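Engineer: Dock chain W against chain U, hints included.
Chains U and W are the protein sequences, given in the same order.
Read in order, the letters of the first sequence correspond to residues 13 to 351 in my numbering.
Read in order, the letters of the second sequence correspond to residues 13 to 351 in my numbering.
In short, the hints are calculated from the structure, not lab data.
Just so it is clear, the structure is predicted and the values come from calculations on it, not from any experiment.
Heads up, the beta-carbon is just placed ideally off N, CA and C, and yes, glycines get one too.
You may find that some hints are simply not true.
To be verified - Just a few of them, taken from the derived set where beta-carbon distance is under 10 Å, the chain W residues facing chain U: (1) Ile154; (2) Gly251; (3) Gln262; (4) Gly271; (5) Lys280; (6) Leu283; (7) Ile284; (8) Phe287; (9) Leu288.
Said to hold, decoys possible - Pairs of lysine to any residue, SDA-like flavour, derived with a Cα cap of 20 Å: (10) W:Lys222 to U:Arg71; (11) W:Lys119 to W:Leu46; (12) U:Lys222 to W:Arg71.
Unchecked claim - Stretches of chain U that chain W covers, calculated by requiring three or more beta carbons in the stretch to come under 8 Å of a beta carbon on chain W: (13) 251-263; (14) 266-273; (15) 277-287.
There are 2 protein chains.
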Amino acid sequence: MPNSTNQQILLKNRPVGEPKESDFALVETPIPELGEGEVLSRTIYLSLDPYMRGRMSDRASYASPVELGSVMVGGTVSQVVKSNHPQFSAGDFVLGYDGWQAFGVSKGETLRKLDPNQAPISYALGITGMPGMTAYFALLDIGQPQAGETVVVSAASGAVGAVAGQIAKLKGCLSVGVAGSDEKCDYVVKELGFDACINRKTQDLNTALKAACPKGIDVYFDNTAGAILEAVLQQINLGARIPLVGLISQYNAENPPPGPNLMPLLVKRALIKGFLVGDYQQRQGEFINDVSQWLQEGKLKYKEDIVENLENAPNAFIGLLQGKNFGKLIVKVSEDPTR
Amino acid sequence: MPNSTNQQILLKNRPVGEPKESDFALVETPIPELGEGEVLSRTIYLSLDPYMRGRMSDRASYASPVELGSVMVGGTVSQVVKSNHPQFSAGDFVLGYDGWQAFGVSKGETLRKLDPNQAPISYALGITGMPGMTAYFALLDIGQPQAGETVVVSAASGAVGAVAGQIAKLKGCLSVGVAGSDEKCDYVVKELGFDACINRKTQDLNTALKAACPKGIDVYFDNTAGAILEAVLQQINLGARIPLVGLISQYNAENPPPGPNLMPLLVKRALIKGFLVGDYQQRQGEFINDVSQWLQEGKLKYKEDIVENLENAPNAFIGLLQGKNFGKLIVKVSEDPTR
Chain U
13 MPNSTNQQIL
23 LKNRPVGEPK
33 ESDFALVETP
43 IPELGEGEVL
53 SRTIYLSLDP
63 YMRGRMSDRA
73 SYASPVELGS
83 VMVGGTVSQV
93 VKSNHPQFSA
103 GDFVLGYDGW
113 QAFGVSKGET
123 LRKLDPNQAP
133 ISYALGITGM
143 PGMTAYFALL
153 DIGQPQAGET
163 VVVSAASGAV
173 GAVAGQIAKL
183 KGCLSVGVAG
193 SDEKCDYVVK
203 ELGFDACINR
213 KTQDLNTALK
223 AACPKGIDVY
233 FDNTAGAILE
243 AVLQQINLGA
253 RIPLVGLISQ
263 YNAENPPPGP
273 NLMPLLVKRA
283 LIKGFLVGDY
293 QQRQGEFIND
303 VSQWLQEGKL
313 KYKEDIVENL
323 ENAPNAFIGL
333 LQGKNFGKLI
343 VKVSEDPTR
Chain W
13 MPNSTNQQIL
23 LKNRPVGEPK
33 ESDFALVETP
43 IPELGEGEVL
53 SRTIYLSLDP
63 YMRGRMSDRA
73 SYASPVELGS
83 VMVGGTVSQV
93 VKSNHPQFSA
103 GDFVLGYDGW
113 QAFGVSKGET
123 LRKLDPNQAP
133 ISYALGITGM
143 PGMTAYFALL
153 DIGQPQAGET
163 VVVSAASGAV
173 GAVAGQIAKL
183 KGCLSVGVAG
193 SDEKCDYVVK
203 ELGFDACINR
213 KTQDLNTALK
223 AACPKGIDVY
233 FDNTAGAILE
243 AVLQQINLGA
253 RIPLVGLISQ
263 YNAENPPPGP
273 NLMPLLVKRA
283 LIKGFLVGDY
293 QQRQGEFIND
303 VSQWLQEGKL
313 KYKEDIVENL
323 ENAPNAFIGL
333 LQGKNFGKLI
343 VKVSEDPTR
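Next up, chain U with everything else stripped away, as it sits in the complex (with noise of 0.2 Å):
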């Protein structure tokens, strides 16, 4: 039986532009009884995701907001202590919703089990889940790269674009990252395997695309809008293809800034298209299937950035806006029994 004391992180303060350490409360709180088909689950792993800054605003998005003085939700992957629903049991490995806090109640029928044979559990929050599967569709459905074109990810060495690239390259496409710092792009090119990767930082766009794409690009997949998104904009090939998975650019802006000018959609006749992973949950089996595969035969690499402590959640997350964090970025919030 579990201590009966749980620890949460709840939304103090709704940010204003980047978020502080102050706009967060760790707070210690019963373990509430559970109901009937619920489960109780020790929190192993946590997933900090930049949608999360989303879900701090009350700005209109695809979910509503988090209350304040309510717990931060995220996704985990804990063990099973108690269950009342029929298909889990205590020491089960379970995929969740937990969101920041050490332990979670909830209904059965929102966990997914996990076997920790097949791949390492924290996976489940990474390349194998909702990271992986946004790579997966968006690029496939939306970007449809055929062998031979180019395509451009930003936001390269994170969860999202480290596989998306790959992915591009498993299907023959000239693969082209743009991340954050020379180690990031090192890691894009010579781990991941893209052909080039640019630094946005250090690097002017415009002529380092240019120089990197000597065909143009004919998928950009783009995790951050701004400049990006901008001077891809100047390079893109007749009939183009952007899925639109982020605006990591933007996500702490108190305001949200202009974006490119569209006339080059017009002239390449070319397509941006928004997507969320919650749309694609039934074709999950084809992600599954797929990655899995890739993953065995080592067609597929993947960093993860293990912060300790559930209290250092805030922090990490603060990071995370910032790009300080170097592949999936996870909290691990207890012990992992599989490790």
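Structural biologist: The following block gives chain W in isolation, referenced to the frame of chain U:
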């Protein structure tokens, strides 16, 4: 036999901002001898269209710029004077691309014969021509309007917008126009049968769009970009489609202005796709069949704004970019023997 002198309007300077009359030059030149397969035609109607502003600049666009000192390009309806091509005889009415001049010499392959009994020959520059075809394919192929959905059309009284909004009605949609005067709005609603029309100069776009589109916006047929696109994005529904057909709002801009923030595209998983009618040349038959039938059944209305004399073309074109025309703008260059 024609007079052996031609009147031509040349592009003298690349306009900076709004074109001025001094950017053009009216000259008299000899009519060249006909080569093999060539046709000499007398221009009856010259089409003036916003896209021509792009051809006056040397910025990258989907077509190469008009060379300084050359005849301005443009669609024409003409009568054949002399033909070295087996498919055309003197007296035939033809649709061509002879540009801003009183007589044109062109390859027979570039001409399409017009039947003056089917529709007024000038219609081939508008509702049964390039603008009508733009409206038809951009709306139906990219917009994919479904009965019961809401379609917003900018430049709604213009040659393209008027057709797009009427086709949206024919497809069972709520059709909302945006135009630049009360007179145009009256025409759009009372004559063309749109459900509503917003005067972009006197009404607050956000408020007026919200009122006119109580169920949000599913399709935005964008002729203008700029402020209207920005306001529309605030009201788009899940999965909205935005054919980007023109950017009239910025054709005179010396530097391309920023576009709208693209966050709503992501949140609503919507798409913006650039459209160019030339890509649909092979599907012209579908368009001609549908639109001819709708015209015959009285389901489509069409208005022309006819300016007399070639020498007035520059001034009329300048007004077109300012929204001064009312209906499809054409220049009557010589007598129309069919009217």
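Engineer: If a hint holds in the structure, say so; if it does not, say that too.
Structural biologist: Hint check:
no. : hint                : in the structure
1   : Ile154              : holds (8 Å)
2   : Gly251              : holds (9 Å)
3   : Gln262              : holds (7 Å)
4   : Gly271              : holds (4 Å)
5   : Lys280              : holds (6 Å)
6   : Leu283              : holds (4 Å)
7   : Ile284              : holds (5 Å)
8   : Phe287              : holds (6 Å)
9   : Leu288              : holds (5 Å)
10  : W:Lys222 to U:Arg71 : holds (18 Å)
11  : W:Lys119 to W:Leu46 : holds (10 Å)
12  : U:Lys222 to W:Arg71 : holds (18 Å)
13  : 251-263             : holds (count 5)
14  : 266-273             : holds (count 6)
15  : 277-287             : holds (count 11)
Checked against the numbered hints listed earlier, the structure breaks none of them; every hint is satisfied.
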